[in-house]
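Number of protein chains: 2
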Amino acid sequence: MLQLTTGIASANEEYLITASYYSSGAVTASGERFDQDGFTAASRTLPFGTRLQVTNPATGRSVIVRINDRGPFVRGRALDLAKGAAEALGMISAGVATLKIARLTSEEASNSP
Amino acid sequence: MLQLTTGIASANEEYLITASYYSSGAVTASGERFDQDGFTAASRTLPFGTRLQVTNPATGRSVIVRINDRGPFVRGRALDLAKGAAEALGMISAGVATLKIARLTSEEASNSP
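Chains A and B, in that order, are what the protein sequence lines are.
For the first sequence, the residue numbers in the working numbering are 1 to 113.
For the second sequence, the residue numbers in the working numbering are 1 to 113.
Errors might be hidden in some of the hints.
Identical chains blur together in the list; that is why a pair holds if it fits in one copy or across any two.
Capping the alpha-carbon separation at 20 Å, the derived lysine to any residue pairs in SDA-like fashion look like this [stated by the list, open to error]:
hint	residue 1	residue 2
1	Lys100	Arg51
2	Lys83	Arg44
3	Lys100	Arg33
Everything labelled a hint here was simulated from the structure, so no lab data went into it.
So that you can see chain A by itself, here it is in the shape it has in the complex (with noise of 0.2 Å):
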């Protein structure tokens, strides 16, 4: 088992949000090219890079997210996730889901050799 970082990686306040996912678009408003398949999500305020803990209460399943796009430009929705990110929290038949967020913070100091 091969340590890599003693850096710390936590998730401080946990919010209630109300979340859809998207599919579509060729590039994020970050400038990356949009993965439909990746762990990202858009967000209106967050900075581009924050990795929020998202879980789906209603699967008990957690993935760690990365904002790298903006919207949903949906009143009373606080978060569009890509399509991977939605199948892996179990949420796609529902279309729009209750998740809990929570944004990590890392400091990471890699000490790998």
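Chain A is fixed; fit chain B onto it per the hints.
For chain B alone, kept in the frame of chain A given last:
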């Protein structure tokens, strides 16, 4: 946006390990019904209930899994993921993968109304 907890879930050291996945078995070593679609995993040593942040460097995907079983009993492998988690990480075709794991320690003090 409803704040749920101010608990801290932090991921401390991160390790590089070899993992496989499994999809059979009725009951886990912790006595639960085994859910092959779940985000759970088997470890020879970690206590049941331990939550790990698991990242697949090959796909860049990260999920949270909960330890609820014992294994794998194969030299050189440190973790056996339930198929659901392995699918989300994109390691089904590989069968065995090198993954990054970090143990989540959470002191969740729920302050929901």
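Verification of the hints:
1. Lys100 <-> Arg51: both (14 Å within a copy, 16 Å between copies)
2. Lys83 <-> Arg44: Classified as within; 18 Å inside a copy, 34 Å across copies.
3. Lys100 <-> Arg33: Neither: 27 Å inside a chain and 25 Å across chains, both beyond 20 Å.
Violated hint for the displayed structure: number 3, the only one.
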